[in-house]
Amino acid sequence: MAQTLDQTAAAQPPREGEGLASFIRSRMVILVPYLWLLVFFLIPFAIVFKISLSQSAISMPPYAPTFDVSAGFSGLLDNLRELSFDNYLWLLDDALYFNAYLSSVWIAAVSTFFALLIGYPMAYAMARAPSSLRMVLLMLVILPFWTSFLIRVYAWIGILKPEGLLNQFLIWVGIIDTPLQIMNTHTAIYIGIVYSYLPFMVLPLYASLEKMDFSLIEAAQDLGCPPISAFWKITFPLSLPGALAGCLLVFIPAVGEFVIPDLLGGSQTLMIGKTLWNEFFANRDWPVASAVAIVLLLILVVPMMFFQRAQARAQEQER
Amino acid sequence: MQGKLSRFNIVSLVFGFAFLYLPIVLLVIYSFNASRLVTVWGGFSTRWYVSLFSNQQLIDAAWVTFRIAVISATVATVLGTMAALALTRYTRFRGRFLFSGMVFAPLVMPEVITGLSLLLLFVAIGLDRGMFTVTLAHVTFSMCFVAVVVQSRLLSFDRSLEEAAMDLGATPTRTFFHVTLPVIMPAIVSGWMLAFTLSLDDLVIASFTSGPGATTLPMRIYSQVRLGVTPEINAVCTLLIAFVTVGVLTAAIVNKRRDLQRQRDEHAALRG
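Each protein sequence line maps, in turn, to chains A and B. Going by the working numbering, the first residue of the first sequence is number 199, and it counts up by one from there. Going by the working numbering, the first residue of the second sequence is number 26, and it counts up by one from there.
Don't take each hint at face value.
Claimed, not checked - Listed next, the in silico PhoX-like pairs over lysine-lysine satisfying Cα-Cα at most 25 angstroms (straight line):
# : chain 1 : residue 1 : chain 2 : residue 2
1 : B       : 281       : A       : 248
2 : A       : 409       : A       : 431
3 : B       : 281       : A       : 431
4 : A       : 409       : B       : 29
These aren't lab readings, by the way, just hints derived from the structure by calculation.
Work out the full structure: start from the sequences and follow the hints.
As structure tokens, then:
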């Protein structure tokens, strides 16, 4: 941390007559949030990792204590010897966990695809709308994001239930005779995820499409390029960074989603967020829950690094 | 070319917004349903709103949630603004990569992981779970959202304004409070509101980090929803939606007005 300070000192020399006070102040801006995130974000992961290696026990907290400082160095060594990958072997052993990981990734991927399918035309139309209308449309996309996630998921229960509004409507119109079973199926989860995360898809797409120079398309069309191939050759490649950011913003949280599969997916659905929750709250097996979390994190590390790279690049562009 | 919408554009907008808004609209409508059967319309009634106000559990939970949201949003706004300043103003410091990673990762981190890891931290350091721990947890993830919002404003900020103020003899502190802060204020306000609603809304992280006596409104709603859809929950949800919508729209209008005012001022100053 001390080195952090030196470096910024070089970047921002204190002004004359300001001296120490301003020097300290400019360091604080970095140091305070840095320390906060270290303590409440990074260290907790180290603890999760450590507990994922310990044995579960019937006590409170329900895991065998590791690092007991009072036992001194030899005690520490004993503790280290007690650490084991048993919980991870357990995850490998039981097909339940493997299937849960697999189906989480699958459900998230399908939902991301549909979010892109619905979100892209929306973002495109928004980017081409007259600028007076654009702000209103943007506001309309953001507004649902402000209203409670839980409420928005809950609203779908009343719609998708067998005696719910969708089935009532379809029967009334005469498309179907018997209610469709949508609740407690994967379809319900897809709908829930696409619905909840759609703004995350639309906003980055809109941001990249809005910057686009649409006269490029005109030029292509003047030169005899049909509109559809102009789209695939010009618009789509230019919007790829936005599409990538949008997909990641939908995919990553969707993999670990708990509320949507729990409320819309019923008890049959396997998703890893739900498995973790049950392991923790129902089985009270904290070490296994921790191991589940670590594996989930490993699955998401690659897309998360993509996300950070995309963020950093977007920043560079704006600079 | 821009400014003209094709039929396909209009259809996709209408379809998209219908998809986004229909469920909420239906929820609001059915909160005024007289019938206890949630999906059968039995006439207009406000009886569920009346019965809400005698539900002490819900009122307690709402009050707990509100206090957590105000405190955590305020702390998160201060920390998030500092983080945004650190990321935009100091482009080179050791550990910057880790720092920016820690700011962006919580945005997409699955809530179950954040919740579990924070809980294990609180247990490890022997902190009793309750309102305080939920507040700490909410500060941690919402400060990152604030940082992103404020950062985007800082990136488009004209640094020459600051330089001008300092050339005219203002100290860095004075410059910050009289030049920088007013300009990024709209972003700070929307950052605060975002943090506030995130906290108001959070179920998963609160469930992990909360303890006895600190049941939040989403936790209460969730446990009732699991038992089935009830008109009373529809009414709570409608009130929450109304609360947030009014807040967001007010802030947007105020921000817009202030922007216009500043533009006019700048214009006047230039013509001098």
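Going through the hints against the structure:
Between residue 281 (chain B) and residue 248 (chain A) the alpha-carbon distance is near 50 angstroms, which puts this suggested pair outside the 25 angstroms criterion. Between residue 409 (chain A) and residue 431 (chain A) the CA atoms are separated by roughly 17 angstroms; this keeps the pair inside 25 angstroms, and the hint holds. At roughly 38 angstroms between alpha-carbon atoms, residue 281 (chain B) and residue 431 (chain A) are farther apart than 25 angstroms, so this suggested pair is violated. For the proposed pair residue 409 (chain A) and residue 29 (chain B), the alpha carbon gap of about 17 angstroms is at most 25 angstroms, so the pair holds.
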